[in-house]
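Chain residues, written in single-letter form:
There are 2 protein chains.
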Amino acid sequence: MAKLLFIFSIFFFSFSSISSQNLHPLDPLTPSEITLVQTIVRKEYSSPSKYNLTFQYVGLDDPEKSSVLKWQYSRSKTLVHPPPRQALVHARFDKQTIEIIVDLSTRSIVSKQVHRGHGFPMFTDEEQTMASELPFSFGPFKDSIIKKRGLNISEVVCSTLSTGWFGEVKRSDRVIKVQCFYLNGTTNLYLRPIEGITMVINLDDMKIADYQDRIRVPVPKAEGTDFQMSEQRPPFGPRLNSVGIVTPGGPGFKVDGHTISWLNWAFHLGFDARVGPIISLASIYDSEKHKYRRVLYRGYVSELFVPYMDPTDEVYFRTFFDCGEDGFGQTAVSLEPLADCPSNAVFMDAYYAGQDGSPVKVSNAFCVFEQHAGNIMWRHTESGLPDQEVREVRADVSLIVRMVATVGNYDYILDWEFKPSGSIKIGVGLTGVLATKGSAYTHVDQIKEDVYGAFLAENTVAIHHDHFLNYYLDLDVDGEANSFVKTNLVTKRVTDHSSPRKSYWTVERETARTELDARIQVALKPSELAVINPNKRTKVGNNIGYRLIPGSAASPLLVNDDYPQIRAAFTNYNVWVTPYNKSEKWAGGKYVSQSRGDDNLAVWTLRNRKIENKDIVLWYTIGFHHVPCQEEFPVMPTLSGGFELRPVNFFERNPVLKVIPAKHVNLFSNCTTTTNP
Amino acid sequence: MAKLLFIFSIFFFSFSSISSQNLHPLDPLTPSEITLVQTIVRKEYSSPSKYNLTFQYVGLDDPEKSSVLKWQYSRSKTLVHPPPRQALVHARFDKQTIEIIVDLSTRSIVSKQVHRGHGFPMFTDEEQTMASELPFSFGPFKDSIIKKRGLNISEVVCSTLSTGWFGEVKRSDRVIKVQCFYLNGTTNLYLRPIEGITMVINLDDMKIADYQDRIRVPVPKAEGTDFQMSEQRPPFGPRLNSVGIVTPGGPGFKVDGHTISWLNWAFHLGFDARVGPIISLASIYDSEKHKYRRVLYRGYVSELFVPYMDPTDEVYFRTFFDCGEDGFGQTAVSLEPLADCPSNAVFMDAYYAGQDGSPVKVSNAFCVFEQHAGNIMWRHTESGLPDQEVREVRADVSLIVRMVATVGNYDYILDWEFKPSGSIKIGVGLTGVLATKGSAYTHVDQIKEDVYGAFLAENTVAIHHDHFLNYYLDLDVDGEANSFVKTNLVTKRVTDHSSPRKSYWTVERETARTELDARIQVALKPSELAVINPNKRTKVGNNIGYRLIPGSAASPLLVNDDYPQIRAAFTNYNVWVTPYNKSEKWAGGKYVSQSRGDDNLAVWTLRNRKIENKDIVLWYTIGFHHVPCQEEFPVMPTLSGGFELRPVNFFERNPVLKVIPAKHVNLFSNCTTTTNP
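As given, the protein sequences belong to chains A and B, one line each in that order.
Residues in the first sequence are numbered from 1 upward in steps of one, following UniProt numbering.
Residues in the second sequence are numbered from 1 upward in steps of one, following UniProt numbering.
No lab work stands behind these hints, which were simulated from the structure alone.
Treat the hints with care, as some may be off.
[Claimed, not checked] Calculated cross-link-like contacts (lysine to aspartate or glutamate; reagent style EDC-like; alpha-carbon spacing at most 16 Å):
{"no.": "1", "chain 1": "A", "residue 1": "Lys70", "chain 2": "A", "residue 2": "Asp478"}
{"no.": "2", "chain 1": "A", "residue 1": "Lys539", "chain 2": "B", "residue 2": "Asp445"}
{"no.": "3", "chain 1": "B", "residue 1": "Lys492", "chain 2": "A", "residue 2": "Asp561"}
{"no.": "4", "chain 1": "A", "residue 1": "Lys658", "chain 2": "B", "residue 2": "Glu223"}
All figures in this text were calculated on a predicted structure; none of them were measured in a lab.
Full structure from sequences and hints, please.
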């Protein structure tokens with residue numbers, strides 16, 4: 001028993017200090033690499049043009065998987081060349097979308113091509129800001145606000161909304177819509193919409209292309225909408241109890257560049273402007289086999305579809321694809337120590353490219369922490385022995401990697417949870433502010449029509465909507481060659497009187513041969529879903545695998561031939577499996593803004609490729625149907641969902657049977673003080 | 001900023017020290033009350049009989065709800081008489097089941113009646129122990145073990161299994177079956193079953209009524225089955241990081257007798273031999289209304305059905321009702337500090353009556369602790385304002401009440417989680433040891449038949465099974481008169497070209513008028529389920545309510561006319577609603593051992609009583625289908641499930657908008673040591 005000095009400050013790590021020699025092939029582009037890409041691309045597109053070069057997306061171009069694996073698993077990193085670091089750029093130049101691959105070592109453009117199909121790349125922050133400022137120099141808008149509505153225009157702010165696609169045949173201009181809000185006493189703009197005005201902005205021209213002022217509706221009151229502590233009036237409460245987390249041995253995990261190791265886990269944490277956090281090369285140490293074993297080559301949110309359920313003029317088009325339009329990385333927000341993450345968290349910064357190609361820093365974009373939630377890893381009390389009672393219990397612990405993307409009004413808490421037992425739990429928390437629309441009504445009893453939402457406060461309807469998050473999960477269970485197996489639970493009737501029972505259930509295993517075999521709506525029939533390695537078995541002969549344990553799943557309620565649903569057809573099933581294909585990264589397609597549904601997961605799988613004993617990718621969609629309620633006003637308590645990847649016959653036996661429990665921390669009195677955060 | 005002395009020891013509270021004057025009407029029977037019941041009942045049944053008086057169940061007889069409410073909500077407790085404390089006894093005397101109500105204040109028997117129907121009361125620990133020892137003095141068994149199997153009988157232990165009912169028409173004797181196991185090198189008996197022997201014990205005669213030795217199957221090896229740390233050999237690992245939880249202000253909640261108050265919550269924590277933990281009178285403080293508001297009058301696990309899926313002679317009957325047969329309270333185990341519950345937990349003892357009526361103590365049967373899991377209560381970052389970025393984040397916290405029931409091989413972790421936002425989350429963790437059967441096979445490739453389970457190790461099949469936990473939830477949302485409302489999400493097609501959209505969904509509310517309206521299989525259609533108070537509305541007119549948010553639900557796979565399913569027909573639907581009826585406490589019926597399905601939730605609801613604007617009870621069943629895997633050998637990592645009760649328009653607005661964040665705890669260095677637990 002020795003006194004140990006422990007670290008009680010908050011830990012900060014920075015990704016920016018890594019020199020490029022030491023980069024992992026999957027590391028996100030560094031600020032200097034982003035600048036280099038900017039320089040190279042700008043030089044190439046330096047010809048004078050009415051339409052400036054803009055960087056809509058800049059990210060690491062996925063290196064060849066085989067090269068990454070070769071490098072990662074070579075005994076001596078110096079003997080194997082890492083794959084070349086290349087950047088993928090989606091740019092706009094001269095009203096065209098250009099897809100460019102830049103090689104960073106040779107400082108050259110490897111390929112460039114103009115995208116001729118439908119759909120547009122992600123919006124930039126800057127063009128959205130410019131678009132939302134245009135109305136203020138537009139006469140009809142000023143009339144609408146000042147004259148027609150009698151509002152103080154200096155209290156009006158506007159924001160942008162993607163327009164979707166609704167069957168127009170003509171080739172689309174790149175456009176965005178703008179909606180405006182009235183502050184005048186609140187900072188919670190989304191609860192004070194100014195209804196009736198529809199504006200379409202041509203983004204390339206940066207001009208108002210269409211303007212409608214259809215109806216006037218009262219703006220909901222400012223009172224009670226602000227959620228800042230400084231704006232609240234008594235009574236306050238409840239008052240939370242102070243707690244400190246003490247880890248005498250440090251944070252419990254190691255961060256080496258972007259590689260994180262903790263207990264029996266090692267993985268790479270990447271960042272991308274479009275999808276946010278990327279978990280790569282997750283592997284778990286098998287103490288019986290004395291080696292790390294591969295589980296997940298790459299996992300991330302590939303798309304998020306948020307359709308609102310209001311067919312009226314001002315709302316019908318709100319069918320957002322938050323990753324492909326706004327970018328989960330580009331909308332990542334700085335996490336607040338002691339509130340977004342506990343006191344034992346380590347924070348990390350992230351970088352993406354702004355519209356002009358310069359790096360933009362997101363401080364504290366990630367946090368990583370050990371979660372000590374007081375759960376039980378495993379236990380048993382055996383009272384059936386003659387002379388003794390046996391009790392063995394192990395306390396559980398998890399490692400959490402967290403990022404929050406705030407896409408306009410909504411805050412998405414993205415958690416990856418690793419457990420010593422081999423489980424990876426993926427959690428999504430929904431919080432932030434509801435999208436509302438103004439209404440003339442002040443009481444539910446006045447409403448005799450469908451208002452397409454929930455009535456939350458006077459003049460305030462929160463619109464019905466869904467959230468569908470699709471996760472790209474390139475599982476490599478002990479190697480790339482995997483199969484997808486459905487273990488169906490099937491009722492058997494006993495008809496031959498061989499048993500007093502009339503029925504029981506048993507399992508029928510079905511290996512998906514091709515893509516169409518693997519499309520599943522999980523609620524429809526009881527089955528266990530697993531990715532297995534058909535070439536590796538446990539000693540007694542079970543195929544080693546990882547199960548997908550769905551959380552509460554939701555299926556889309558739009559009709560299949562509705563335009564938003566055609567575009568988001570990846571939500572038609574909760575589960576899909578495809579053969580690994582470097583170009584199939586985003587379930588909604590590459591260019592989802594104004595897309596027409598010709599490039600997405602549902603379309604790719606129609607080729608019905610073989611997926612048995614192949615390098616396969618599992619795509620899983622979490623869904624939420626959201627009928628709002630008053631508790632979500634003016635800011636929503638987090639609503640959580642998720643799913644689990646859990647080893648199934650991956651290990652020979654319980655991998656935490658021989659876990660070494662933590663030492664108990666004894667605390668001396670008088671060793672703390674409390675302060676307001 | 002002041003130095004605060006904080007409490008760093010583990011807190012222990014005891015229920016036993018409360019004098020009966022100060023008892024809450026819902027407090028479980030105290031040891032002295034149990035003794036008093038014993039005295040009174042023994043006196044009544046003192047006539048000589050071949051069959052001794054045994055106490056199969058002794059518990060608090062639910063006092064009249066109206067009396068409890070009157071007492072609870074009277075301003076001055078001294079002016080309102082508490083309802084009389086009465087005990088409910090299920091006894092066996094002279095081969096009859098007797099139901100007795102004892103009044104503790106008058107020390108008299110209020111009523112007694114012989115149960116003439118089918119089914120028997122709970123088993124006692126003592127009779128199960130006696131039954132499991134009978135074989136050792138039974139010649140044919142000794143032959144089976146020693147001569148036929150060549151096993152060392154001093155290493156054999158037996159345990160009891162309820163027999164169920166399989167259509168026998170003749171009136172049943174009260175019986176139990178016995179299965180035996182071979183220790184000889186392990187303490188994990190369940191992984192070394194001795195197959196082929198079936199024994200039926202007549203419990204009243206305490207004699208072997210039937211004995212079969214049908215087949216011989218190898219006993220699985222002892223090697224690798226023990227889960228005790230002391231029995232493990234290297235390599236050990238992973239090693240967990242030490243953590244201490246410091247709460248300078250104490251545990252954060254108050255325990256006053258059985259009443260627990262924490263932040264905005266207050267509730268009563270009871271204990272019952274049959275159902276284990278009972279949460280009563282849960283109410284939440286509404287800071288806008290300046291009062292506590294009622295949410296849950298009473299909630300507990302009313303039954304747990306565990307059918308195994310093997311039709312063979314030795315297994316077919318295993319269709320357990322763990323509450324009504326073994327008792328969740330009677331099988332509650334002592335929780336281990338720092339392992340079952342974290343260092344900031346408070347522990348509580350519990351008492352039930354043994355077979356002779358004497359009180360039996362379970363030390364540390366409950367723990368209560370604040371869970372600081374690092375989650376986010378709510379947050380928003382607003383980047384759309386002209387001159388400022390607004391960020392507000394609140395860290396979340398929960399209060400957990402935990403009990404573990406170990407029913408033979410299985411350990412059920414029962415958690416009730418209260419959240420400041422008004423949610424009550426109910427969690428169930430499954431851990432412990434799988435029920436296995438011996439098998440001649442040593443490798444999966446040898447198996448060409450259905451073995452009714454998963455092959456986990458040489459000679460070891462873990463039998464397929466289900467767990468269905470039914471929760472009794474007497475919600476009183478702001479009063480007793482409540483209704484059950486289904487908010488169905490319904491697709492609407494736009495056919496009149498009034499919108500570019502072809503479809504959207506909207507809600508159609510349906511109030512269940514009678515019991516049959518409220519039977520729901522939750523996976524079948526998208527709807528939100530809520531108990532509302534039809535007489536109380538928010539200011540803008542929404543009905544105040546609480547939602548049931550199901551976790552992943554499972555439905556039974558046995559055919560409806562199979563005997564176990566007839567008995568456990570409460571699993572036919574995930575959701576049922578009944579009018580409150582004091583006598584309808586247990587979803588599987590009152591006497592479930594060898595029951596015939598004539599008294600259970602499914603039968604009660606056939607009366608199709610009115611449930612609109614009535615005092616109603618919601619019954620919800622969590623289901624797990626369990627296909628075992630090798631990771632669950634020799635002890636299972638916890639598998640979790642649960643559901644949530646969440647306010648829906650119960651509050652006028654977010655009830656944690658004005659929560660006061662905890663003060664940050666600053667820790668001085670050199671204030672800890674670590675020790676092995």
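Is the straight-line distance between the alpha-carbon of Lys70(A) and that of Asp478(A) 16 Å or less?
-> Distance of about 15 Å is within 16 Å: holds.
Sort out whether Asp445(B) lies within 16 Å of Lys539(A), counting only the CA atoms.
-> holds (11 Å)
Within 16 Å, alpha carbon to alpha carbon, are Lys658(A) and Glu223(B)?
-> Roughly 15 Å separates the two Cα atoms, so the pair holds.
Is it true that the CA of Lys492(B) sits at most 16 Å from the CA of Asp561(A)?
-> Given that 16 Å is the threshold and the Cα spacing comes to 13 Å, the pair holds.
Every hint from the earlier list agrees with this structure, and none is contradicted.
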